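S.K.: Chains as they are written, first to last, in our numbering: chain A, 1 to 350; chain B, 1 to 350.
If you're looking for bench data, these hints aren't it; they were derived computationally from the structure. Model, not experiment: these values are computed from the prediction. For every residue, glycine included, the Cβ atom is placed at its ideal position computed from N, Cα and C. Hints are not guaranteed to be accurate.
As the list claims (entries may be wrong) - Here are a few chain B residues that face chain A, going by a calculated C-beta distance under 7 Å:
1) 54
2) 67
3) 69
4) 88
5) 91
6) 103
7) 105
8) 137
9) 160
10) 238
11) 263
12) 266
13) 269
14) 272
15) 302
16) 311
Protein chains: 2
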Amino acid sequence: MLEDKNQERTSLAELGEFGLINHLTKHFKIHHSSTVKGIGDDAAVVNTEGNELLVTTDLLVEGIHFDLSYMPLKHLGYKAVMVNLSDVYAMNGQANQITVSLAVSNRFPLEALEELYAGIQLACNTYNVDLIGGDTTSSTKGMLISVTALGTAKKEDIVYRNGAKPTDLIVVSGDLGGAYLGLQVLEREKQVFQVNPQNQPDLDKYTYIIERQLKPEARKDIPELLKELEVKPTAMIDISDGLSSEIMHICTQSKVGCKLYEEKLPLDPQVISTCEEFDLDSTMIALSGGEDYELLFTVSLSDYDKIKGNPNLTVIGHIAEENEGMNLVTRANQEMALKAQGWNSFKGKE
Amino acid sequence: MLEDKNQERTSLAELGEFGLINHLTKHFKIHHSSTVKGIGDDAAVVNTEGNELLVTTDLLVEGIHFDLSYMPLKHLGYKAVMVNLSDVYAMNGQANQITVSLAVSNRFPLEALEELYAGIQLACNTYNVDLIGGDTTSSTKGMLISVTALGTAKKEDIVYRNGAKPTDLIVVSGDLGGAYLGLQVLEREKQVFQVNPQNQPDLDKYTYIIERQLKPEARKDIPELLKELEVKPTAMIDISDGLSSEIMHICTQSKVGCKLYEEKLPLDPQVISTCEEFDLDSTMIALSGGEDYELLFTVSLSDYDKIKGNPNLTVIGHIAEENEGMNLVTRANQEMALKAQGWNSFKGKE
């Protein structure tokens, strides 16, 4: 990133904190009348217009959650917003505002932060979200981004994790495992580059999975689609830590079991071919690869007709009684207990 | 902190992220019926009960904003909450909820985070605030705390920075400069300790200013007092970066000037005596020492009778026309232009 020595480098200290925030946010526009006051006072002022407020926050740390040697800063800004909006959509809500706090070491020039904010701005414009505040400070090492997202939903529309009932269908949006495999490709290319910096990687056959890793999209369309279809899920969660870990959250909080069917898991052809190339089991990757930011939800069996055949949605199993446990039914028709091999930032993959 | 080798040390990796959050937050209780759903889903759910929502966020970074060699973790947790609540009170609002995100390196055992959360919990209980979410992750170096506070206010009660008018009185709560001087004392003792670890410092004569630094209190009482007195300020801000910098924010946003009177600045006797000891000008410290977390506000001249004589409030000057500039009137009756020598984390004191 920004290794071109001829590029302009403006030191952050020159601007000071207020100058920096003003500089970085001056081109952001406000989309919502509910944003009464954005950046520029002690606190932002928001009107929830009679709806319930949804609040979620995520922290991304350089060296733990992202590697700037292959993550362009603009993509990082975009992704930091997506990760948070995804949580609002997982409540069946509409995302309206974000705050962005940033800690950066002095190794970053102003131009790097401009790139980061260009990605944040693109996310705000694409997802119709207002940047209403934040904090910007130096760090002793690396970069850290803390985003809080605010959304709204009617009280009766909110979907929690704890409402799944036996016989409910388990549904997932999009496809699974791509983001994790994209990361494996990028990590491999980084190592190749370290050995031979002249090597020009041919990444054409990985474009989809690399985009899933570097520029994920939160599923704003799914709450909208569900409304259109007149389906209210009984439970919902977003897939940040992997399908297995997320369905286990739903089951534990709903006090139920589940059966997932291996043959039903939606996989992109690039996921299948890359799994073969890396000698990885694609089912394992679909279950435990994180960062897909798809939505996982359960619906009443009586809603099946409304969702079947929808290209955005795949039925992958059903909820069972609690004493039946949480299982994957393999292609060979064997039941295997699910494991939560989600991401644990304190020790990496569990 | 926690240098006693006999103390228990539980590694964070043993618990994992979800176990850690559960462990740290299980004793927190919910104070507000407006907190519909706290920790445990994709997002928290809050009901603003017909009021406007206030949102503010601050980031505290080890080595930039705090030094764990003299800042006990419990105090740090308390202070991280105070810094944010102060911004809600500065809007003339009531603080109701917070989220706390934490990045910590593996050098911190679980017991250290328990101390930190004990301070957060004390702040929540004392200030009647609910912890409703957050994120906990590892960092490659040091500790970083990101807090977002949510509050509410009736639309007609909110006080912005931009409403000050010429002839308005400038009022400050409490006294000024203590927190900065407390930091100077702690920094000096740290250096003494490094030279002679056996030295037992006698800090009795600095108790007030050290407490101002290590355990500041946000002025929850001031919006309440103003309501009681039937005074609505025309502009308000909290003093985090120093009086001079903050009054300049009010003046700039309100497009007015001001006169502050040196002889009116409220100083605690410990501030005066410690300034003498350190050979510092107490007026300079009152103007530019940050972190007091007092409230600075302007009121209409017609409200003078309501606030005069109140032991919590001091009238320190008045608003002037914009073309008169922003000035301090010294004891010798000379006018000096104010300078914003606030804290700039990218280069320290500006």
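S.K.: A separate judgement is required for each hint: does it hold in the structure or not?
M.R.: Cross-check of the supplied hints:
1. 54: 4 Å, holds
2. 67: Violated: closest Cβ of chain A sits about 11 Å from residue 67 of chain B, beyond 7 Å.
3. 69: Residue 69 of chain B check fails; min Cβ-Cβ to chain A is 14 Å, beyond 7 Å.
4. 88: 6 Å, holds
5. 91: With a minimum Cβ separation of about 5 Å from chain A (threshold 7 Å), the hint on residue 91 of chain B holds.
6. 103: 5 Å, holds
7. 105: 10 Å, violated
8. 137: 4 Å, holds
9. 160: 5 Å, holds
10. 238: 6 Å, holds
11. 263: 28 Å, violated
12. 266: At 21 Å from the nearest chain A Cβ, residue 266 of chain B fails the 7 Å test, so the hint is violated.
13. 269: 30 Å, violated
14. 272: Hint on residue 272 of chain B: violated, closest Cβ of chain A at ~29 Å, above 7 Å.
15. 302: 25 Å, violated
16. 311: Status violated, d = 24 Å.
Hint violations for this structure: numbers 2, 3, 7, 11, 12, 13, 14, 15 and 16, all remaining hints satisfied.
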